[in-house]
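A.B. asks: Chain residues, written in single-letter form:
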Amino acid sequence: MKDAQKKEKASWWYLLFVLQFLVILWPPFYNKMTPTLIGLPFFYWFQLLWVIVSAAFTAVVYWATRG
Amino acid sequence: MPEINWTALVVFVLLFGLITWLGFAAARWRKGDLDQLHEWGLGGRRFGTVVTWFLVGGDIYTAYTFIAVPALAFGAGAVAFFAVPYTILIYPLLFLVFPRLWNVCHKHGYITAADFVRGRFGNRWLALAITITGIVATLPYIALQLLGIQVVVGALGVTGSGLAADLPLVIAFGVLAAFTYSSGLRAPASIAIVKDILIYIATFTIIIVVPLKLGGFGKIFAAVPAGKVLLAVPGDHTTGAYSAYATLALGSALALFLYPHSMTAILSANSGHAIRRNAAILPGYSFMLGLLAMIGLFVIAAGIADMPAYAHGFKQYGSNFAVPALVLHIFPSWFVGVVFAAIAIGALVPAAIMSIAVANLYTRNIHREFVNRNPTDKQEAQMAKWVSMIAKMGALIFILFVPTKFAIELQLLGGIWIIQTLPAVMLGAYTRWFNDWALLCGWAAGTTAGTLMAVASKLTPTFALTLGGHTFPGYSALYTLVLNLVIAAILTPLFNGMRPGRPPVDATAPADYLAE
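Residue numbers (the numbering used here), protein chains in the order written: chain A, 1 to 67; chain B, 1 to 516.
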């Protein structure tokens, strides 16, 4: 019973990974110059930011599914 | 003819000397019997989270990566940034699939992906297909690492004709071959620590100093031509650069961990947990890769390609000279030595691991499977050591005598071939549903179609798929993977139906994939 509950909890967190895939695989969304950040065009800083965000997602999933 | 940059060369040689010593000393690190294949070929599966971080990072972010990604940015602009989404996508895959593979490989003593496929599906021909694909895809990749060394050595001014020009490469190869032979995977693991530290220092220094010297990011990006600074917006009836970018990222991500050298580095970890933790911390390297791609754009902004001092280098090495030229232009000689050493050492780590991975594959999945079914531990390890040497020699000969263009084209094809192993390896880690012969057919179809698509696109990565008046340019590897999966899925019930009541052969049990 406890194992089944653990497994179910894990599935919701994995949606973070799905989100990661969907956002980064949609270039039309981020193929822009503005808004800029310290002079960097949106295209570049958004994807770099997403590296950090996805590392954070992985860390969250790791802690949440450790059991 | 450029002069030798003596200060840089001295620093370079000193650092090289350090890692040579380290490579040999590594044999005594976490001591084990190097006459056992899993000790030589997988470091005894003893590397914890931190060492794994250095090893896997050093393995997948190769010298070729550091030269080629900025070169692509310099030449083609924003599309080179696909490397960032690519490296964002690999980590969920690593997190989800590879602990399972680690667990089952640990339980059954599997050293290669082909070992796993052999056990899971019980079909030696499917395993052979995986083996040959792995070997053939890896060999050009080794050759390209040596190319990375060639470029930085040339940038140090060590040029000449004939044998004199090739000598530094031959020496580097000799060093690499010697410590790989003696220490196995422990050698690149220890050296990766030095290399990765140097690469991080080099990249972060460049990313801070160069914008300061060029007047800020705003100015740099303003100097990049409009057609290159962003992806070209697709025209009518085509998904243009958008689909190319997304499929390149996704296809490369799916393929990366299927390469034998990735598998070897991951299997050398001491647990599935070390792998999962690394999935969260390895992205540090992705960030650095993004910075490197931007550095390629800095080269455009700094107008370095037009400077006479670097004309020779650009003529000799094309866009691959972008990063070396920038470093030579901006930094004092001693730091140039550090950066170039980082890149050259950055070639040795993956080249070592790649040759070990090829050796593991040959020894276990060709020699032990088809030639000598009962080798002693010592015979196995000895065979692997020799094969690793031969693989490196082959790569050296290739780079010295065959035009670079071929190595690059072969590596492109290699990516298309290796992704065809995904159904058997990655899906096999989750389910036994597929029929082994169906998988083999899917593999054959994907490999053939992929090769044809690549040839049709004149050996560029994207194929312009046309359906009903619309064009979908995309990475051939991804399209052919879909074909592979569809065929395997259709043939599975068909082949199973031909032999009803025959239970699927599977040496593994569901619990084997979970952590103990």
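It is worth saying that the hints were derived from the structure and are not from the lab.
Be careful, since some hints might not be right.
Pairs of lysine-lysine, DSS-like flavour, derived with a Cα cap of 30 Å [unchecked claim]: (1) A:K32 / B:K228; (2) A:K32 / B:K219; (3) B:K228 / B:K31; (4) B:K315 / B:K405; (5) B:K315 / B:K228; (6) A:K32 / B:K213; (7) B:K315 / B:K31.
Ranges between beta-carbon positions, derived for each pair [unchecked claim]: (8) A:W13 / B:A76: 20 to 28 Å; (9) A:T36 / B:L14: 36 to 44 Å; (10) B:M498 / A:L49: 51 to 59 Å; (11) B:P510 / A:W13: 21 to 29 Å; (12) B:T376 / A:A59: 16 to 24 Å; (13) A:A59 / B:T431: 39 to 47 Å; (14) B:K378 / A:V18: 22 to 30 Å; (15) A:L22 / B:M498: 21 to 29 Å; (16) A:T34 / B:D306: 28 to 36 Å.
Small disclaimer: the values here were computed from a predicted structure and weren't measured.
Don't be surprised by glycine CBs; every beta carbon is placed ideally from N, CA and C.
A.B. asks: What are the numbers of the hints the structure violates, in ascending order?
C.D. replies: Hints 3, 7, 8, 12, 13, 14, 15 are the ones this structure does not satisfy, whereas the remaining hints hold.
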